[in-house]
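Using the sequences and the hints given, assemble the complete structure.
Protein chains: 2
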Amino acid sequence: MTPQIITIAREYGSGGRLIGRRAAAILGIDFYDAEIIRLAAKESGLDAEFVEEEEESTTSSLLYNLATGAGVIGHGIYSAQNLPLQDRVYIAQQQVIQKIANDGPCVIVGRAANYILRERQDVLNIFIHARKKYRVEEIAARHRISVEEAEKAVQKKDRSRAAHHRHYTDQEWADPHNYHLAIDSGAFGPDDCADIIVSVYRG
Amino acid sequence: MTPQIITIAREYGSGGRLIGRRAAAILGIDFYDAEIIRLAAKESGLDAEFVEEEEESTTSSLLYNLATGAGVIGHGIYSAQNLPLQDRVYIAQQQVIQKIANDGPCVIVGRAANYILRERQDVLNIFIHARKKYRVEEIAARHRISVEEAEKAVQKKDRSRAAHHRHYTDQEWADPHNYHLAIDSGAFGPDDCADIIVSVYRG
Chain A
529 MTPQIITIAR EYGSGGRLIG RRAAAILGID FYDAEIIRLA AKESGLDAEF VEEEEESTTS
589 SLLYNLATGA GVIGHGIYSA QNLPLQDRVY IAQQQVIQKI ANDGPCVIVG RAANYILRER
649 QDVLNIFIHA RKKYRVEEIA ARHRISVEEA EKAVQKKDRS RAAHHRHYTD QEWADPHNYH
709 LAIDSGAFGP DDCADIIVSV YRG
Chain B
529 MTPQIITIAR EYGSGGRLIG RRAAAILGID FYDAEIIRLA AKESGLDAEF VEEEEESTTS
589 SLLYNLATGA GVIGHGIYSA QNLPLQDRVY IAQQQVIQKI ANDGPCVIVG RAANYILRER
649 QDVLNIFIHA RKKYRVEEIA ARHRISVEEA EKAVQKKDRS RAAHHRHYTD QEWADPHNYH
709 LAIDSGAFGP DDCADIIVSV YRG
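Residue numbers (the numbering used here), protein chains in the order written: chain A, 529 to 731; chain B, 529 to 731.
Warning: the hint list may mix true and false statements.
Same chains, same names: a pair is fine if it fits in one copy or spans any two.
[Claimed, not checked] Distance condition first, Cα-Cα at most 20 angstroms in a straight line; then the derived EDC-like pairs of lysine to aspartate or glutamate: (1) Lys660 x Glu647; (2) Lys627 x Glu571; (3) Lys680 x Asp720; (4) Lys660 x Glu679; (5) Lys661 x Asp698; (6) Lys680 x Asp703; (7) Lys661 x Glu647; (8) Lys660 x Glu700; (9) Lys570 x Glu676; (10) Lys680 x Asp650; (11) Lys660 x Asp698; (12) Lys660 x Glu677; (13) Lys627 x Glu647; (14) Lys680 x Glu665; (15) Lys685 x Asp631.
Simulated from the structure, these hints should not be mistaken for lab results.
Written out as structure tokens, the structure reads:
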């Protein structure tokens, strides 16, 4: 394959965002992460701060969908006006991701971009994971919190990302079959991970 | 990490064995696959042909273990004389794999080698997978059988390998967390997969 786009799904604390940024810098291509949230918010007219709060939560969204008859998101059958906020946010982000991918080579971190771009043949899908101990230590150091607090944060984020992915796709988040490459960042470190991605991208 | 040993777990038809052999050739290190079966059989005094038949089947082994009071295999609590044949084969292979790993750098394909060598710090664990369609076509071409027959064979092998792994380890076979690198061979092709492994091994 000759990829143009790199998508990175990453476990919380695995350094996936940093790795993606580094790979994009080496390759000299665009990098999207929080930027997508802002772009999506802009497109949909939603308040950026609110979008950030909502975008990885799926609390009772399925029930809400059923109650409002909103149908199945991500499969093209929905009635936009009946949708709860987070589903409108997802749709806005989906459109932004498709636009970004059409604009040229880039790295996109998170947002189930691998699923959103699944029809394209030029996308390299990466999953970055690491042992829990590594990720907890990483988060504790990054946010200067205790190991106990970091452990709770990691658990919560993993759960919400997996739930988000399951809700909007027909895939399991941590299933290696959904990615061309799954890398243990705890074993290699962020720089080597970025180098592996760059080397695979270049072919 | 500075790996000495490469283990490769692979889905049937993903070309994992070929990829491992190629990586070993490029690196100039030993390659073990069917060879392990023969070595294991030799060590345990079992007939080689019989070992080949038994080694990936776990039919009613758990029940047999419970009935004979053989206890938990792979966790060090067992009574060798009461063990069913396939568990004795597993133990023999486990010993062979540990011996091989002690002897120096090598590639070991299959046999849950990642789990058997989990206490070592110098092992690079790889999982090779591919979309089912790719693997079915591969097996149909390799064995000159129909697509329908190949599909059945792939399903059966996947099931038996997953069951074997689950039986002898506390891991799920296709869980990316059990590997440092999981690669989609259908996307890259066997040669590029071998190159990725070689490049990661060399660091």
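Hint check results:
1. Lys660 x Glu647: Answer is between: at 17 angstroms across copies they meet the 20 angstroms cutoff, but 33 angstroms inside does not.
2. Lys627 x Glu571: within (11 angstroms within a copy, 61 angstroms between copies)
3. Lys680 x Asp720: Neither. Shortest intra-copy (28 angstroms) and inter-copy (40 angstroms) distances fail the 20 angstroms Cα cut-off.
4. Lys660 x Glu679: Cα proximity of Lys660 and Glu679: one copy only (8 angstroms, versus 37 angstroms across).
5. Lys661 x Asp698: Between copies only: 18 angstroms across chains, 29 angstroms inside a chain, cut-off 20 angstroms.
6. Lys680 x Asp703: Neither. Shortest intra-copy (23 angstroms) and inter-copy (22 angstroms) distances fail the 20 angstroms Cα cut-off.
7. Lys661 x Glu647: between (36 angstroms within a copy, 17 angstroms between copies)
8. Lys660 x Glu700: Intra 19 angstroms, inter 17 angstroms, cutoff 20 angstroms: intra and inter.
9. Lys570 x Glu676: neither (37 angstroms within a copy, 51 angstroms between copies)
10. Lys680 x Asp650: Classified as neither; 37 angstroms inside a copy, 31 angstroms across copies.
11. Lys660 x Asp698: The answer is between: 17 angstroms across copies meets 20 angstroms, while 25 angstroms in one copy does not.
12. Lys660 x Glu677: Only inside one copy: Lys660 and Glu677 sit 13 angstroms apart there, 41 angstroms across copies, limit 20 angstroms.
13. Lys627 x Glu647: Cα proximity of Lys627 and Glu647: one copy only (14 angstroms, versus 47 angstroms across).
14. Lys680 x Glu665: within (12 angstroms within a copy, 45 angstroms between copies)
15. Lys685 x Asp631: neither (30 angstroms within a copy, 43 angstroms between copies)
The structure is inconsistent with the numbered hints 3, 6, 9, 10 and 15, although it conforms to all the rest.
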